[in-house]
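Go ahead and model the full structure; you've got the sequences and the hints to work with.
The numbering of the sequence shown is our numbering, which starts it at 37 and goes up by one.
Here are the simulated lysine-lysine pairs, DSBU-like style, with alpha carbons at most 30 Å apart:
(1) K183 <-> K146
(2) K85 <-> K167
(3) K133 <-> K146
(4) K183 <-> K167
(5) K167 <-> K152
(6) K85 <-> K152
(7) K117 <-> K167
(8) K167 <-> K133
(9) K183 <-> K135
(10) K167 <-> K135
(11) K152 <-> K87
(12) K117 <-> K152
(13) K87 <-> K146
(14) K87 <-> K183
(15) K167 <-> K87
(16) K146 <-> K135
(17) K146 <-> K167
(18) K85 <-> K117
(19) K146 <-> K85
(20) K87 <-> K117
(21) K183 <-> K85
(22) K117 <-> K146
(23) K183 <-> K133
No lab work stands behind these hints, which were simulated from the structure alone.
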Amino acid sequence: MDFTGEERIAAPRDMVWEALNDPEIMRGCIPGCQGIERLSPSAFEATIKVKFSLFSASFHGVLTLSNIDAPESYTLSAEGKGGLAGFARGSADVVLKAKGEETILHYRAKAELGGKLAQLGARLLDSTSQKLAEGFFSDFNAAVVAKMAAD
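This is how it looks when you write it as structure tokens:
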């Protein structure tokens, strides 16, 4: 499953970059995030509950940042285990482009599911994965704008 998108964020690129590396902001923006903790400057441990149609699964795993080119881009990779449900693996290449007082956040994401989850059907998995990515970036946009208004 591969998908792309972009968000126009009414905040300077440095502020958007800082927010992309803030576990509290990430916790509030990752759909179904039940907890996230920084393990190192480039790794987080997270628990996320995901709903797939009539069935949901909780995943526990690690989010890792790589290919870091601050404050312009990085790759966010995730791998989580969902017990009997299976596993989820994915990554997103995130690029921030300054455009005046705004930032254009471009992303290219891919996801892979295994175990019982993979039996749900490609269309359901594709649409759920894309909705999760779009939800994250939309919520992230709102969180950054709210933080900027509060500062």
